[in-house]
Amino acid sequence: MMKIRRGTFLATLALAVAITAANIAAYGGGPFIDESSLEGYGGAGFSFEGPEGMRFNFSRLGDEGLSYMEGYWFRFLYDNETDLPYIAVSWMEAAPLNITEAVTRSYNYTDTWRTRYSVGDVMNKTINGHPFLHASIVKQVNDVSRFGYVGYWNCTNSGRVMTLLVDSPSQGNETYVDWLFNQTVTSFSCHYPGQRPYEELDMPFDVDKLISSSIMIIFCVGFTLTYMLEGFPNFAHTSYASIGAMVSFFLTRAFGFNPYDTWPFTAVVGGLIGVALYLFIVRPIRRHGGYQEITLTLTFFIIAYVMPSIAGIFNYWSRFSLEISARGYNLRWLDFGFRGVPGIAIISTATCVLLIIGLHLFLNNSKLGLSLRATAENEGLSAVLGVNTFRAHCASWFISGALSALAGSIMTIYGGMGVGGDGLIVSVMSGAIFGGVQSVWGAVAGGLFVALAQDFLADLFFALFGLPAMKWQGLLPLAFLVLTLTLFPNGVFGDEGLRAEALRERLRELRSRLRL
Amino acid sequence: MGSSTQQITVSGAKARFPRLYFIDFTRGVVMAIMAWDHVSGFWNRYHQGSEGVMGSARPFLNTTWFLARFVSHYCAPTFIFLAGTVLALSTHKRLSRGESELGISARLIIRGLVLLAAEALIVAPAFSSPYMNFSFLYFGVIACIGVCFIIFSLARKLPLPVILAASLLIVLNHNFLSLDMIPADVGWGWYLRVIIHEPNFEWPPYIGLYPIIPWIGVMGLGWTFGSVISDYTEDQVRALREPLKWTGAASIALFFLVRLFNGYGNLLPRDGYTLVDWLYVAKYPPSVAFLLWTLGGMCLMMSLGLRLQEEPWFGEGFTGVILVYGRNPLFFYLTHLWLYRVRPPGAQPLFYMPMTPTIAFWALGLLALYEICRRYEAVKRRHPKSFLQYI
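Residue numbers (the numbering used here), protein chains in the order written: chain F, 1 to 516; chain Z, 517 to 907.
Worth flagging that the hints you see were computed from the coordinates, not collected in a lab.
One or more of the hints may lead you astray.
[To be verified] No more than 25 Å apart at the CA atoms, straight line, and that leaves these computed lysine to any residue pairs for SDA-like:
#1 Z:761 <-> F:13
#2 F:3 <-> Z:682
#3 F:125 <-> F:173
#4 F:367 <-> F:356
#5 Z:761 <-> F:7
#6 Z:761 <-> Z:868
#7 F:209 <-> Z:868
#8 F:209 <-> Z:869
#9 Z:609 <-> Z:674
#10 Z:896 <-> Z:850
#11 F:125 <-> F:100
#12 F:3 <-> Z:613
#13 Z:761 <-> Z:549
#14 F:209 <-> Z:557
#15 F:367 <-> F:209
#16 Z:901 <-> Z:606
#17 Z:609 <-> Z:621
#18 F:209 <-> F:336
#19 Z:761 <-> Z:772
#20 F:209 <-> Z:859
#21 F:209 <-> Z:850
#22 F:367 <-> F:394
#23 F:3 <-> Z:754
#24 Z:673 <-> F:125
#25 F:209 <-> F:4
#26 F:3 <-> F:13
#27 Z:673 <-> F:16
#28 F:3 <-> Z:869
#29 F:209 <-> F:472
#30 Z:673 <-> F:9
#31 F:3 <-> Z:612
#32 F:3 <-> Z:677
#33 F:3 <-> Z:549
#34 Z:609 <-> F:388
#35 Z:673 <-> Z:747
#36 F:3 <-> Z:674
#37 Z:673 <-> Z:685
#38 Z:673 <-> F:11
#39 F:367 <-> F:388
Same shape as in the complex, but just chain F (with noise of 0.2 Å):
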């Protein structure tokens, strides 16, 4: 190997630098990457969830705007995807000097040469605690006309100039705009794409899984709380929820509720149904000598089915006499949100904790719950102590039909609901199942268990074989309860629980099973 001497070394050395100063002197010290050119670089790539379902979601380097939109929820109310509305987000490190400015930009420069477009008023309002000035404009490209808004404001958390522009044809339509602008606003996270403040930081788990589990969470108790006081398992407790998404869809579309406002009405109606389940149908089997479990299961087996055939008369009532199209129940775009969170995680899960402990305590505590107890226990002792027993199943199934409903109202606002319960029932009964399906919190635990579970395999599943593995995913509720009832026919929470040798002898008489 050839070595240095130390004269060489710092001649080299001298060399380099020379070279280096020479360098500079003739092209300047500075950054030499000439930043004008990529201008536009850090001028796109966002992230944004917008009302009604929309989705922004775009990333493009030297972009100096971007501009996409998903309006799958649109066509609930647009009969031609042409006519959807524009929405158009930049943001930058410079400010635009003006409104005009601000348009040329949302609209991507190059739009502008064909477009004849008047500005409005300008107007100020509060944006995520930044300064949002804004002003209609009317565009004009060949003989189409279209209104819409434009502003910016001046993200100091990320640094950059955010531009927002909503606009759709001039039709009747600016009232919508004026309030699809408005909506849009509100809800935007001006942050960088994948920042947010201190306070969302910590977040330990996803908002989807935690609705999620509390819609399962109210449907496992409901469906429990049935089977303790009539003892077979109703295969309708999912259906009617659909009453429930159905009674807030209608008094949100057609009076103008807000949808946390018609939970009440929702719960109300729900109960009511379950009441009148029990008065039609379970007492005349029972009072008629008919009182089998197989008879009860198979009839609200049947009922399961008749349910959506309900909601489908509803839906074709709303949409020819209300104008209000219905082929399911989704309010997702009238929720709000909060940092970020979409206001259905924090209600919900809110909620059920509230209705949990509020089960708790009415079962324990007071006499109406101690009756329903007491019967569940033994119906004929308890009758014969002077337990009003009646009115105990009036109030099982009461609770019941309006946690059920309840669910189902959630469910609008969480991702909308499809008029047959969407299949949950199976999944429920996974859970009460293993819950044990004797006590509330035996469901409580066992509707998280499954939720989380089957939300985590699903996940899995997608992360390990992508898109394809989610046409499966229906398997999973029913996986669930074959392993629950194989594994666990009473329940974790029940009378064997979790005991080693129960689990052992079942795995033996699977093993054996199998090899049969």
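Could you slot chain Z onto chain F? The hints should help.
Only chain Z this time, still in chain F's reference frame:
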């Protein structure tokens, strides 16, 4: 990690490299830091990088997240510099053992090709995401080192002063390089630019972050260093402690000067006087400021390694673990990516973690990696002529 095991491992290593133990130490430290950068990138929503890609300086959420990323800047320069150093040392050793020049060059080429294959097949998929499918053409740090090895299979024949001069010129002047002569509107031209000097992700699959220029200059400096110390006596090696310390301190002082003047050496200018403003330097490609800070830090780390090397407990406990990482850098690199990633190529994480559990995950992973690397090292020692010699 019992001490007896440590003793065996360390004594084995000491027997092989009796004097240049500090190199493994330095490399081991940066490997562990690099693992943090990657585990954070895989699991933290607010971790980001790409400082300086096309002149961009994406803002960080806050100073903590910035520093969590900044601390990892030491890794690539140290990794590449010491790759050059070890390359020189091993070449010197092989020549002294009487191996042929052709054989040594062929070995370097094979090693380079293995690295290129490893980048395409193991590293690139590990860095893929739903937003960026993995590309076999991704030019990352392993591919960069691989190409540099292939270049060095010939360049090593140049006189050492020429290698030093070329390396210095590349490192100090690469920001004046213009690639306008290469067309940017065709795939091959774009990719060539990416490989040579213009890292970016704009045109998949022609993507990359570690261009040959100026990283080959960093490797050349490492080669020079390795060549110089290859026949040092134990006393001479020990005496390196002070020069390394002062070189490191001077380099960091120069860094602050370069940042203060905010002109030459800053691919990203300093916008203000906050800590982040001072430290936010371009890594892709590495600016002079970046290299001054990181290579200066590396010199200090090597000086510390020389200091610790004198201690009787060196090679036990924590330092023993670090040495195991340092002796198996490529294996560590390839393994840690998938150990921490825990998901298939292209998939996003099922959830994001806050910083604290990520640190715990990182620490647990390091423990696992110690055991894996230790076992790998034992296998490699049992089969010195196998394919493992290239990893």
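To see whether the hints hold, each was checked on the structure:
no.	hint	verdict
1	Z:761 <-> F:13	holds, 19 Å
2	F:3 <-> Z:682	holds, 16 Å
3	F:125 <-> F:173	holds, 23 Å
4	F:367 <-> F:356	holds, 18 Å
5	Z:761 <-> F:7	holds, 21 Å
6	Z:761 <-> Z:868	violated, 40 Å
7	F:209 <-> Z:868	holds, 14 Å
8	F:209 <-> Z:869	holds, 16 Å
9	Z:609 <-> Z:674	holds, 18 Å
10	Z:896 <-> Z:850	holds, 16 Å
11	F:125 <-> F:100	holds, 18 Å
12	F:3 <-> Z:613	holds, 18 Å
13	Z:761 <-> Z:549	holds, 21 Å
14	F:209 <-> Z:557	holds, 24 Å
15	F:367 <-> F:209	violated, 36 Å
16	Z:901 <-> Z:606	holds, 15 Å
17	Z:609 <-> Z:621	holds, 14 Å
18	F:209 <-> F:336	holds, 18 Å
19	Z:761 <-> Z:772	holds, 17 Å
20	F:209 <-> Z:859	holds, 20 Å
21	F:209 <-> Z:850	violated, 34 Å
22	F:367 <-> F:394	holds, 14 Å
23	F:3 <-> Z:754	holds, 19 Å
24	Z:673 <-> F:125	violated, 70 Å
25	F:209 <-> F:4	violated, 65 Å
26	F:3 <-> F:13	holds, 16 Å
27	Z:673 <-> F:16	holds, 21 Å
28	F:3 <-> Z:869	violated, 51 Å
29	F:209 <-> F:472	holds, 19 Å
30	Z:673 <-> F:9	holds, 18 Å
31	F:3 <-> Z:612	holds, 14 Å
32	F:3 <-> Z:677	holds, 8 Å
33	F:3 <-> Z:549	violated, 33 Å
34	Z:609 <-> F:388	violated, 96 Å
35	Z:673 <-> Z:747	holds, 18 Å
36	F:3 <-> Z:674	holds, 12 Å
37	Z:673 <-> Z:685	holds, 19 Å
38	Z:673 <-> F:11	holds, 21 Å
39	F:367 <-> F:388	holds, 10 Å
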